[in-house]
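Listed here are the chains, written in short residue letters.
Number of protein chains: 2
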Amino acid sequence: MTDTRSVGLVVPQRARFDQALNLRSGASLPGFELVFETYGELNADRSNAVLVCHALSGSHHVAGVHANGSPGWWDNLVGPGKPLDTNRFFVVGVNNLGGCYGSTGPMSINPATGKLYGADFPVVTVEDWVTTQARLADHLGIDCWAAVLGGSLGGMQALEWTLRYPDRIRHALVIASSPKLTAQNIAFNEVARQAILTDPDFHGGHYYEYGVVPARGLRLARMMGHITYLSDDQMAEKFGRQLRDGKLKFNYEVDFQIESYLRYQGDKFATYFDANTYLITTKALDYFDPAGAYGGDLLAALARAKADFFVASFTTDWRFAPERSRELVYALLHNGLDVSYAEIECSAGHDSFLLDDPQYHAVVGAYFDRIET
Amino acid sequence: MTDTRSVGLVVPQRARFDQALNLRSGASLPGFELVFETYGELNADRSNAVLVCHALSGSHHVAGVHANGSPGWWDNLVGPGKPLDTNRFFVVGVNNLGGCYGSTGPMSINPATGKLYGADFPVVTVEDWVTTQARLADHLGIDCWAAVLGGSLGGMQALEWTLRYPDRIRHALVIASSPKLTAQNIAFNEVARQAILTDPDFHGGHYYEYGVVPARGLRLARMMGHITYLSDDQMAEKFGRQLRDGKLKFNYEVDFQIESYLRYQGDKFATYFDANTYLITTKALDYFDPAGAYGGDLLAALARAKADFFVASFTTDWRFAPERSRELVYALLHNGLDVSYAEIECSAGHDSFLLDDPQYHAVVGAYFDRIET
Numbered sequence: 277m278t279d280t281r282s283v284g285l286v287v288p289q290r291a292r293f294d295q296a297l298n299l300r301s302g303a304s305l306p307g308f309e310l311v312f313e314t315y316g317e318l319n320a321d322r323s324n325a326v327l328v329c330h331a332l333s334g335s336h337h338v339a340g341v342h343a344n345g346s347p348g349w350w351d352n353l354v355g356p357g358k359p360l361d362t363n364r365f366f367v368v369g370v371n372n373l374g375g376c377y378g379s380t381g382p383m384s385i386n387p388a389t390g391k392l393y394g395a396d397f398p399v400v401t402v403e404d405w406v407t408t409q410a411r412l413a414d415h416l417g418i419d420c421w422a423a424v425l426g427g428s429l430g431g432m433q434a435l436e437w438t439l440r441y442p443d444r445i446r447h448a449l450v451i452a453s454s455p456k457l458t459a460q461n462i463a464f465n466e467v468a469r470q471a472i473l474t475d476p477d478f479h480g481g482h483y484y485e486y487g488v489v490p491a492r493g494l495r496l497a498r499m500m501g502h503i504t505y506l507s508d509d510q511m512a513e514k515f516g517r518q519l520r521d522g523k524l525k526f527n528y529e530v531d532f533q534i535e536s537y538l539r540y541q542g543d544k545f546a547t548y549f550d551a552n553t554y555l556i557t558t559k560a561l562d563y564f565d566p567a568g569a570y571g572g573d574l575l576a577a578l579a580r581a582k583a584d585f586f587v588a589s590f591t592t593d594w595r596f597a598p599e600r601s602r603e604l605v606y607a608l609l610h611n612g613l614d615v616s617y618a619e620i621e622c623s624a625g626h627d628s629f630l631l632d633d634p635q636y637h638a639v640v641g642a643y644f645d646r647i648e649t
Numbered sequence: 277m278t279d280t281r282s283v284g285l286v287v288p289q290r291a292r293f294d295q296a297l298n299l300r301s302g303a304s305l306p307g308f309e310l311v312f313e314t315y316g317e318l319n320a321d322r323s324n325a326v327l328v329c330h331a332l333s334g335s336h337h338v339a340g341v342h343a344n345g346s347p348g349w350w351d352n353l354v355g356p357g358k359p360l361d362t363n364r365f366f367v368v369g370v371n372n373l374g375g376c377y378g379s380t381g382p383m384s385i386n387p388a389t390g391k392l393y394g395a396d397f398p399v400v401t402v403e404d405w406v407t408t409q410a411r412l413a414d415h416l417g418i419d420c421w422a423a424v425l426g427g428s429l430g431g432m433q434a435l436e437w438t439l440r441y442p443d444r445i446r447h448a449l450v451i452a453s454s455p456k457l458t459a460q461n462i463a464f465n466e467v468a469r470q471a472i473l474t475d476p477d478f479h480g481g482h483y484y485e486y487g488v489v490p491a492r493g494l495r496l497a498r499m500m501g502h503i504t505y506l507s508d509d510q511m512a513e514k515f516g517r518q519l520r521d522g523k524l525k526f527n528y529e530v531d532f533q534i535e536s537y538l539r540y541q542g543d544k545f546a547t548y549f550d551a552n553t554y555l556i557t558t559k560a561l562d563y564f565d566p567a568g569a570y571g572g573d574l575l576a577a578l579a580r581a582k583a584d585f586f587v588a589s590f591t592t593d594w595r596f597a598p599e600r601s602r603e604l605v606y607a608l609l610h611n612g613l614d615v616s617y618a619e620i621e622c623s624a625g626h627d628s629f630l631l632d633d634p635q636y637h638a639v640v641g642a643y644f645d646r647i648e649t
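If you read the protein sequences in the order shown, they are chains P and U.
Using our numbering, read the first sequence as starting at 277 and increasing by one per residue.
Using our numbering, read the second sequence as starting at 277 and increasing by one per residue.
Careful: at least some of the hints might be erroneous.
Just so you know, same-sequence chains aren't split out, so a pair can sit in one copy or run between any two.
To be verified - Dumping the calculated DMTMM-like pairs for lysine to aspartate or glutamate here, alpha-carbon to alpha-carbon at most 20 Å:
no.	residue 1	residue 2
1	Lys525	Asp565
2	Lys391	Glu485
3	Lys391	Asp361
4	Lys391	Asp477
5	Lys525	Glu485
6	Lys391	Asp351
7	Lys525	Glu403
In case anyone wonders, no lab produced these hints; they're calculated from the structure.
These figures come from a predicted structure and were not determined experimentally.
I would like the entire structure built from these sequences, with the hints used as guidance.
The structure is reproduced here in structure tokens:
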């Protein structure tokens, strides 16, 4: 049976930008390419475009399926008749600069050396991503997004759009996100980075030249990450103390189902994700802090935003807890902005934002319904 | 100035047990040695002995100072006039079997091979530890402990004493502990183990023979561990987003103070702790589940306990949350036992049990005051 609510087969596109890009770090790139996908049709007014920003391990492949059968990471949310309805909206997904799914990044050729960038690819930030996304908007003829939407790190990009280009975004949807990371968030990122950086196969980030990848480090980073994406309660429900083979082994093979799950997730991730991209992306997370330039005053930092906001958090998300979203909502409201906030009961922790939860999808859909195109 | 509330200089002692030890795993040891310390004097009735059990990285060195100046890990709690008052009690600290502070463990000679045990040292459990501690009690002429006390994994040993030797313990003090680990707890332990097991310097646990230690793995395990020992709030208070050198570096050196703290803790730990002991100890944590043999029925599992209990938890401890202690208290009360429970407001997370918190020390001291000797 064909899924009539799917955008169906999609083919990634590519855009090249030849103007130099000055990055927040002070480094610059002579030019860059972005891989992206689009779903639905841009209307005559060009007023129905929605940008979907991805999180740590996401990509431009948001919805539909690739020829190899691979589904988009937010396919449950984006499609004809879905909460972000491609019958009404022209939706754009983009692989961020520094990514490992085809946009210019550590696995691209460094024109200065003729070799792969590897660890020489500069650290990029949420601000840099938004700059490159604006160039993509220019390329597509989109002056103003109807909405920019993202979860987790993607939500930070949606928020940054309202600050960097307040006249180019009408609605920002910031889901399971935060105006900045806590010390605990940074701590988890740092352990993940150290796992990669100290893997002997990392070779100072130039592992491509050695024909290896720092799989041990990536695997550990992902295993630890998964603990923080799920809630304690959901882990208890899903795995509890279930043994994989019915008895304790008194060695270091798999005893408990949760161990099996984490090893599987870690092993899989290490086969397809790039370690340099992982490093860059965790730094982008750590560095995002729009209030930083305002002495920590988030109200002042958000004063230039004009967009309407939809903010959502999940009760069991301890990585980006509801409290972080409430701080954001408070600062937006005190700037006189139009803010809708949903705190959704969902047991799945941070990963809830990726799930097909009825209450969650209902409020996102209702919000998009009221956006004029 | 001399600290008049310190037990002062202490010298570890050693006892050898030549009777074979059958372990829960089915393996056995032909004999073993335990390193221990004692503080205070055993009274004529031998009725004032208190055993202090250690947690993951602890040792027999509970109180006082060694000749090298090293203080006991619970020196703030144990000493003359302190909550566990060595003027009244004869206190025993012991390094657990499988440990790396002198008791028989992976760094001991395996009599079967004449080489160091390394990874051939069997996985030992909380139950096994209590068995060996009972032999130490025999050796010291202690028929019945006035109390057995421990925090975290140490609390599990105190609880196990009440089940394994109900007639040899009058009071159990179970602090910041749990009757079993959750899936999330096991998950963190598993990532730590994988960090060690996949370190190329681990050499299947026989790294001693190669003149190396799996320092990368141990360091990562400890860094991650530290995140779980502290509370989110305390990390925010203590470190927040403070930068170490006043500016972002846009590389993978230390940006934030929290990164510096974790690296320091990890580096230090890797210089003195044994990786095989770390592996064994995390398995002992994972395996402890007295209700397991009773189909998960903790009430039934605790039916044979006779001791009085003091249970304490800390409001910000998310590793062994107050809920876990409440489950234990509920099951003890429903077995008609005498239980005192304190849920202590302390911002320091799981590590609170090691701190000199006035409210906490007051309730522990009050409990010991009422123990007859």
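Quick rundown of the hints versus the structure:
1. Proximity of Lys525 and Asp565 under a CA criterion of 20 Å is satisfied inter-copy only: 15 Å between copies versus 47 Å inside one chain copy.
2. Proximity of Lys391 and Glu485 under a CA criterion of 20 Å is satisfied intra-copy only: 9 Å inside one chain copy versus 41 Å between copies.
3. Taking the closest pair of Cα atoms, Lys391 and Asp361 never come within 20 Å of each other, the shortest separation being 42 Å inside a single copy and 68 Å across copies.
4. When the C-alpha separation of Lys391 and Asp477 is checked against a cutoff of 20 Å, the pair qualifies only within one copy, where the shortest distance is 19 Å, while the shortest distance between copies is 31 Å.
5. In the homo-oligomer, the alpha carbons of Lys525 and Glu485 never lie at most 20 Å apart, since the shortest distance is 40 Å inside one protomer and 26 Å across protomers.
6. In this homomeric assembly, Lys391 and Asp351 never come within 20 Å of each other (Cα to Cα): the closest approach is 36 Å inside a single copy and 58 Å across copies.
7. Taking CA atoms no more than 20 Å apart as the test, Lys525 paired with Glu403 passes between copies only; the shortest distance there is 16 Å, against 50 Å inside one copy.
In this structure, the earlier hints numbered 3, 5, 6 are contradicted, and the remaining ones agree with it.
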